Amino acid sequence: MDHINILEEVERDLERCALNRLVNGKVDNFYEKVFKVYKMGGWPCGWKGEYMEGKMIVYLPNEK
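Here the sequence shown stands for residues 1 to 64, where the numbers follow the numbering used here.
Keep in mind the hints are simulated off the structure, nothing from the lab.
For clarity, every value in this text was computed on a predicted model and none was experimentally measured.
In this text, a Cβ means the ideal position worked out from N, Cα and C, and glycines have one as well.
Possibly wrong hints are sitting among the right ones.
Distance windows between CB atoms, simulated [what the hints assert, rightly or not]:
1. 16 <-> 41: 26 to 32 Å
2. 11 <-> 40: 25 to 31 Å
3. 14 <-> 55: 20 to 26 Å
4. 4 <-> 51: 16 to 22 Å
Subject to a maximum C-alpha distance of 25 Å in a straight line, what follows is the list of computed SDA-like cross-link-like pairs (lysine to any residue) [unchecked claim]:
5. 33 <-> 45
6. 33 <-> 15
7. 55 <-> 7
8. 26 <-> 59
9. 36 <-> 47
Given only the sequences and the hints, what does the whole structure look like? Please build it.
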């Protein structure tokens with residue numbers, strides 16, 4: 001079984017966030033929401049429902 005490397009996943013997400021900002025500017029879209037989650041100290045780890053209609057699943061280690 002292959003295991004994901006969380007650090008690589010985070011790096012890839014942040015790279016995509018940076019590219020999104022470079023191309024689109026600071027607009028309210030998926031990658032800006034991902035970036036906001038990381039700035040809060042969280043980890044976007046899934047999606048519930050159909051994309052665009054559903055919600056991002058976020059792990060926040062400091063929340064109880």
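| said: Within 16 to 22 Å: is that where the Cβ-Cβ distance between residue 4 and residue 51 falls? | reply: holds (20 Å)
| Range agreement (Cβ of residue 41 with Cβ of residue 16, hint 26 to 32 Å) | Between residue 16 and residue 41, where Cβ atoms are some 19 Å apart, the hint is violated.
| Does residue 7 lie within 25 Å of residue 55 when you go C-alpha to C-alpha? | holds (23 Å)
| query | Given the proposed pairing of residue 36 with residue 47, does the C-alpha separation stay at or below 25 Å? | reply | holds (16 Å)
| field | Restraint check for residue 26 with residue 59, where alpha carbons must lie at most 25 Å apart | value | holds (24 Å)
| message | Does the beta carbon distance between residue 14 and residue 55 stay inside 20 to 26 Å, or does it fall outside? | response | holds (21 Å)
| field | Distance restraint hint 25 to 31 Å, applied to the beta-carbon atoms of residue 11 and residue 40 | value | violated (18 Å)
| Does the alpha-carbon distance linking residue 33 and residue 15 stay inside the 25 Å limit? | Status holds; Cα separation ~14 Å.
| request: Verify the proposed pairing of residue 33 with residue 45, using a straight-line Cα cut of 25 Å. | output: Holds: residue 33 and residue 45 sit about 13 Å apart, inside 25 Å.
Checked against the numbered hints given earlier, this structure breaks hints 1, 2; the rest are met.
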